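K.L.:
These protein sequence lines map, in sequence, to chains A and B.
Numbered by full-length UniProt numbering, the letters in the first sequence go through residues 1 to 570 in order.
Numbered by full-length UniProt numbering, the letters in the second sequence go through residues 1 to 499 in order.
Treat the hints as calculated values from the structure; they're not laboratory data.
Remember, predicted model here, so these are calculated numbers, not experimental data.
Hints should not be assumed to be uniformly reliable.
What the hints assert, rightly or not - Result set (DSS-like, lysine-lysine): computed pairs, CA atoms no more than 30 Å apart in a straight line:
hint, chain 1, residue 1, chain 2, residue 2
1, B, 285, A, 177
2, A, 437, A, 448
3, A, 182, B, 196
4, B, 125, B, 47
5, A, 207, B, 196
6, A, 433, A, 398
7, A, 201, B, 196
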Amino acid sequence: MGDWMTVTDPGLSSESKYISQYTSETKMSPSSLYSQQVLCSSIPLSKNVHSFFSAFCTEENIEQSISYLDQELTTFGFPSLYEESKGKETKRELNIVAVLNCMNELLVLQRKNLLAQENVETQNLKLGSDMDHLQNCYAKLKEQLETSRREMIGLQERDRQLQCKNRNLHQLLKNEKDEVQKLQNIIASRATQYNHDMKRKEREYNKLKERLHQLVMNKKDKKIAMEVLNYVGRADGKRGSWRTGKTEASFFLRNEDEMYKILLNDYEYRQKQILMENAELKKVLQQMKKEMISLLSPQKQKPRERADDSTGTVISDIEEDAGELSRESTWDLSCETVREQLTNSIRKQWRILKSHVEKLDNQVSKVHLEGFNDEDVISRQDHEQETEKLELEIQQCKEMIKTQQQLLQQQLATACDDDTTSLLRDCYLLEEKERLKEEWSLFKEQKKNFEKERRSFTEAAIRLGLERKAFEEERASWLKQQFLNMTTFDHQNSENVKLFSAFSGSSDRDNPTVHSRPRQKKPHGAPSGSPVCTSKLTKSLPASPSTSDFCQTRSCVSEYRYWSIVLSVY
Amino acid sequence: MHASARSPDWLRRSSSVTSGRGGAVAAGWVSRSWGPAAAMNFSEAFKLSSLLCKFSPDGKYLASCVQYRLVVRDANTLQICQLYTCLDQIQHIEWSADSLFILCALYKRGLVQVWSLEQPEWHCKIDEGSAGLVASCWSPDGRHILNTTEFHLRITVWSLCTKSVSYIKYPKACQQGITFTRDGRYLALAERRDCKDYVSILVCSDWQLLRHFDTDTQDLAGIEWAPNGCVLAAWDSCLEYKILLYSLDGRLLSAFCAYEWSLGIKSVAWSPSSQFLAVGSYDGKVRILNHVTWKMITEFGHPATINNPKIVVYKEAEKSPPLVLGRLAFPPPRAAAGPLSSTESEYEVASVPVSLQTLKPAADRANPRIGIGALAFSPDNCFLATRSDSVPTAVWIWDIQKLRLLAVLEQLSAVRCFQWDPRQARLAICTGGGKVYLWSPAGCVSVQVPGEGDFQVLSVCWHLSGDSLALLSKDHFCLCFLETEQGVGTAFGQRGDHT
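Chain B extracted, bound-state conformation:
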């Protein structure tokens, strides 16, 4: 994917990368070899509302919403393929698994509108009427829509193939109550009846109940299938640390409790190989369970000071001249400066010991900002990225093969979101500022999103090929195309031509 392959009129190169590559390490490159990306090209910014921007599962299209309009673009050329108009402001969109349909949920109206990519004139509108609508999702076959009514009265399963409508009663209102296996065969559903938690496993092909069992939880907070679809993890609400593992046939495989009394589990993630289950809790630790004995292998603490010299601490440091009035003033008017505008921050490898900035949690408030709020395994199972809510500016990256801390990225502002490249060990991070950050085992890079005005990256979303990355701000989005390392030589040569 080279710049020359696309129409160059909308292509702009990141100022920081450009100058960084020209001036060696100066502009944010801190890497031992080539960093996570060789070169980056940015598309122009397109309008967006409610952060609704999604790549289709086959990677061909990109759907985005602007108020009540749904825009479908080609993921490569970004040319508009389809434009659909909904009845009201879109609050949620979802691609069907076969990338043929898009569901737009208009919760305020209790409506779901479905559009077909193949037949633009085809339309479907589902009205939940007075029952209301709080959630809507596709079934894995892409022919059924599961609508959750208000107050979780029931889940309605609408079929696009037949007139049949199924109802599932007693769904539980919780953090993550619906989960499909990756092969799309089974649906696990958290239920609540008679003040007890149950899990129902349904066969997606005919919505038959396969298993129904009660879980030994006070207040079930979430369920999640292992990627191999054979083990279901169910965890209790934060009042009690308890995680239960059920087999597909409803047998309890194991239960794990790390401690009592204090607040428990905050986040859970399966490794892509289903070998590990990472459990982040309010005590600021991640515990890794193995898939053979379901016992804890290791415990990753998140201390605020890092003493081990083996751990690389990348610290985002402000590089601005003293005249600039701090981060909020950024970016300075870039219209004139263009690619020459100075990069405001860069990564430095901090020497240990490093003490990270910690937040003092307010003890008298509910949902304290402590504990592991986010964690994600890399697609190759080798790394685990975590964020501790009490140290909101840092991302910890753990080596799963050696079971130790590998690197810590300390940002200037709180980390909003991070996501792994679906193809390789490359992590994209955003902090709500005008930059996107990439980490890979080779190094770390911060890239200024070019363009006029402020582009505050609130969320990132990878294309499934790992070649491009959608950057979402409050009312715009742009695509960032990453040239892979194989193309370093040519990209390097080309850059000079373009700038």
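Only chain A is shown next, with the shape it has when bound in the complex:
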């Protein structure tokens, strides 16, 4: 951008108003202004190009125009339009090349200027909008400032009001306090006044009472009397004793004694209670201590390793205390030092325990936190599945055991050897055995009774027999046989083979036949023998080696029946 001298020529401007005000310093014809106009403003140029040039350069003034232009151009630093002339007098020639160059340069310049102008205009616009924006901002901020100022004023006002109120309230409070004080004073004064009056009145009242007393009591009022049919004895049966000065003193002493005895008893009772409570508490403390020591001692090593741990010193105390603990008797002393020791050691251990628990807590929480991140931890589902599987396995195992047991039982039941029967006997439940024993003893007792009866009966019969000699022989023999029968039965009290044989006809106990053996043994547990059989029946395994189960049951049942028959006979 070139530097333009902007000077306004009033003469020129007045001459041609429509011409731009931008003009260069000139002493030329007014038409030269138009060229200026061309340079400066492009807008009117397009319109008035013809008029311009027609106005500036005519046929007549070519020379002047050229010289003028030359002059102008040289002043602007362009090379002269004229050729360099050797002589001054010679007319200067117009250099066309220079003119064209100048024109080209002027055009270039013109274009540049136009560009620059455009730039300037856009910048101007930009700046203008910027300006607007800033103005807006400014206005807004101003507004804000105004409002906040107003607000501040409002707040200040409120603050002032509140302070005022506060002051008033303070004043009121003070007044109220004063009032309270005053009222309290009034109350107090009234109370004293009241008390005073009361006292006065009470004195009067007492005087009156005294007077009344004298009047009522001293008049030997005949009416005041007790009519009683006869005096009754004292509740304790004692007789009243006469009061003399001496007895009175002794009475007083006795009463004092008794009173103190009562008080003493009460205090003793209370002391006993407190002692008991103390003992209980001491016991609890001791137990706590013991448990703490036992709880803490396995961890002794750990804290000791850490030398910086403060609990190290306390641990040694624990050991000491543990040693002390053996001297249990010291605890029974309620002397101060022992008490202190106990409480101190408990306190220490408690501290250790607390720190330990806290440590554990921390660890647990850490582990807990880690546990969530850890993928190796078994998930709940897996866990449950596992437990389910295990339970199933247990169930299966149980079933297996059950079937095994069943098989074993069946085998045992069906087996008829002595060994198996003994085994069988063993496999009876203890309870059943007990029951059997009981029944057996009962049975024995019954048998004894029967025997006794029988003896007495025989004796009576013998006596009877003395009278009837004729019948005696026959009777005696029969009795003897009977008696013998019974005694043999008694001798084999564990077996009823005899009895059975008596019915079956064979007295041989060691009958080798397989068929009879179960019969011999079974009645031993007569009442429970049948259940075994029935159970066998229900189970009915084909593996039974002996004769048909049904037969056996029948035999058992029949045996039992016989047995009962025999019992009823005797």
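Once you have looked at the hints, place chain B on chain A.
P.N.:
Chain B in isolation, oriented as in the chain A frame:
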């Protein structure tokens, strides 16, 4: 004690209990297990005047007054054993401690008449003459009578054994000025001389003065021995909150003051073990002092709203059909209905929060209806029953072992009186209506007193065995026999037979 054991002609079963037992919880039973009583039988109503009805201390007899007649009945069969006629209307009766004598005071005449149970012909009349008579009581040995003359001029000690008469001067006219230790050895007496309060401790066996000391009170209102007889509690009048504890030898053990300026102590009760002293005051709180340091252990407030869901609130609710015109119309003519008459109210367990009905006290009147007007420990020390006068319809029951509120019973009308069963934790309550209420830790029951006409229970009185309960109305009384829980099965079976 079963119904069959007694002559059944006078036995009537309570309608409510009967129907209640038959129809499960419907008729007033609100209990988690068996309630306070398994079954109740009521005697017929006997005449009574001035609420004078007392069981003898040995529990064998029941004395009651009808105008100027004194009737002594067997406590079990209720057959009349003795009938005595006094000179005028009886105003006060009292059994001697050995149950051999009964004292009848005729205050208007200034007379005391004593009757012997063993010798009906024996009589004794004590005339206080122009000195007048305002109070009369037995000494614990049952051989002396302490008569207080009018204006509290003196107390005369009359002996039934000898002709001797002793006088005690300057007795104080106060709420509770005479108290005997439970073993009957000592008498503590409030005195007033020269405008100062004194307490005299006398030995009952010979009426010798043992201790005499002044108390630091403005106006002594009452004294009471601890049940162990070693500590005496003395409290000031309601103008000042002050309770003093004295040892038997007159030493001041402790003094307690909860607050100043406002109205103070209204009621005081010792626990049967002498371990606790409950002090009810006009601020609506009960303060419990311990016997070791005599300091306050806890403070029981009586708020009008109960929010804690742990507290059981038994609310007596009207069950009547809408046709009935409210409580005052009760009971409806029961002659025809008999045991089938509908129960008018029952207990419900109210769900918290519950707000109790409160009275607005008149501030401009003396003796305002605020504060703890009544409080009583159960015989096993486990419970404390209280009544706040500003909430007159409620009875609070506190657990002393846990030191917290256990249950609240809200009645339909103001609680007149309550008394603990002397044998177990069972509380009988009456409200001046036709019902008696029983509470025990197991539950709560309201029982309609059967019979023709209105029986408004104004007061209750337990037999010392806890098996029966005397219910007193204005001019009748009846006995209520409670079958204990052991007899539940048989009683339950029997009930069907009887009804």
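K.L.:
All the hints need checking, so say for each whether the structure fits it.
P.N.:
Checked hints:
The hinted pair formed by residue 285(B) and residue 177(A) meets the criterion: a straight-line CA distance of about 28 Å does not exceed 30 Å. Pair hint residue 437(A) plus residue 448(A) holds up; C-alpha atoms about 16 Å apart against a cutoff of 30 Å. With a C-alpha separation of about 29 Å, the suggested pairing of residue 182(A) with residue 196(B) holds against the 30 Å cut-off. With a C-alpha separation of about 25 Å, the suggested pairing of residue 125(B) with residue 47(B) holds against the 30 Å cut-off.
A hinted pair counts as satisfied when its Cα atoms are at most 30 Å apart, and residue 207(A) with residue 196(B) qualifies at roughly 15 Å. Note on residue 433(A) and residue 398(A): the hinted pairing holds, with a Cα-Cα distance of about 26 Å set against a maximum of 30 Å. The straight-line distance between the Cα atoms of residue 201(A) and residue 196(B) is roughly 13 Å, inside the 30 Å bound, and the hint therefore holds.
No hint from the list above goes unmet by this structure.
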